[in-house]
Each structure stands twice: as C-alpha cells, then as structure tokens.
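Participant: Sequence:
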Amino acid sequence: MLTKQERVTFYKSNEWKVVRKLALTRDNYECQECKRNGKVLIDQAPSLVTKRKRLDVDHVKDLERYPELGLELNNLETLCIKCHNQKHNRFIKKENKWATDEKW
Numbered sequence: 001m002l003t004k005q006e007r008v009t010f011y012k013s014n015e016w017k018v019v020r021k022l023a024l025t026r027d028n029y030e031c032q033e034c035k036r037n038g039k040v041l042i043d044q045a046p047s048l049v050t051k052r053k054r055l056d057v058d059h060v061k062d063l064e065r066y067p068e069l070g071l072e073l074n075n076l077e078t079l080c081i082k083c084h085n086q087k088h089n090r091f092i093k094k095e096n097k098w099a100t101d102e103k104w
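Heads up: the sequence shown begins at 1 in full-length UniProt numbering, then just goes up one per residue.
These are computed hints drawn from the structure, not numbers from a lab.
Any given hint might turn out to be false.
Unchecked claim - Per label pair, the in silico range of CB-to-CB distance: (1) Trp16 / Ile81: 31 to 37 angstroms; (2) Lys17 / Glu68: 28 to 34 angstroms; (3) Lys82 / Arg26: 18 to 24 angstroms; (4) Gly38 / Thr3: 34 to 40 angstroms.
Positions of the beta carbon are idealized from the N, C-alpha and C atoms, including for glycine.
Throw the hints in and build the complete structure from the sequences for me.
Facilitator: If you want it as structure tokens, here you go:
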C-alpha cells in the first residue's frame with residue numbers, strides 16, 4: 001500500500017499528468033458516471049471558466065491498493081467531482097444548527 005506522501009508524489013509526476021490528459025481526452029471530457037445515468041457534465045476549458053476543476057480522473061482499482069495500475073489507461077475513468085466524492089464516500093453531511101431550535 002502507498003503512503004500519503006507516495007500518493008502526493010505520484011500525482012505531481014509528469015507521467016501522471018500525461019496519462020491523466022489521455023484519459024480526459026479519451027472520455028471526451030465527460031463524467032462517465034453521469035453519462036451512464038443519462039446525464040452529461042462536460043469540462044472543456046476549466047482554467048478559462050473557473051479556477052476550480054470540475055472533473056477528476058479516477059482509478060477504477062484504487063492507487064493505494066494497486067500502485068502497479070496507477071498509470072494504466074484502462075484503469076482510469078473521468079468523473080465529475082460530485083460522482084468521485086460519492087464513489088469514495090467523501091460527503092460530510094452538515095448538521096443544520098437550527099433544526100431543533102424553537103420556532104416562533
């Protein structure tokens with residue numbers, strides 16, 4: 001398994017940047033999960049529209065457990081940030097601090 005520092009180094013590497021670009025191009029800059037669900041999220045020029053990226057390139061078999069597949073194009077797919085976060089259970093539900101407050 002890769003450590004956090006090893007993953008950071010991997011994602012900063014030129015090899016990753018090249019393969020990431022290939023995956024985005026192959027997937028036509030479209031979220032593949034949204035596409036499977038009948039929606040399309042396209043991100044043609046993220047740096048011109050906003051500073052935030054809207055698409056990620058996800059490892060189907062995650063990098064932490066399968067580092068040997070890290071640069072395999074067949075192990076990569078383009079996902080929007082929302083789908084990528086859902087896949088990895090990264091959503092933190094914010095508690096409504098007023099939910100139990102007495103209403104006047």
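Participant: Between Lys17 and Glu68, is the Cβ distance one that fits in 28 to 34 angstroms?
Facilitator: Cβ of Lys17 to Cβ of Glu68: about 19 angstroms, so the range 28 to 34 angstroms is violated.
Participant: Honestly, do Lys82 and Arg26 meet the 18 to 24 angstroms range at C-beta?
Facilitator: holds (21 angstroms)
Participant: Just tell me: holds or violated, for the beta carbon distance of Gly38 and Thr3 against 34 to 40 angstroms?
Facilitator: holds (39 angstroms)
Participant: Could one say that the CB atoms of Trp16 and Ile81 fall in the range 31 to 37 angstroms?
Facilitator: Violated, since Trp16 and Ile81 (Cβ atoms, about 18 angstroms apart) do not stay within the stated range.
In this structure, the hints that do not hold are numbers 1 and 2, in rising order.
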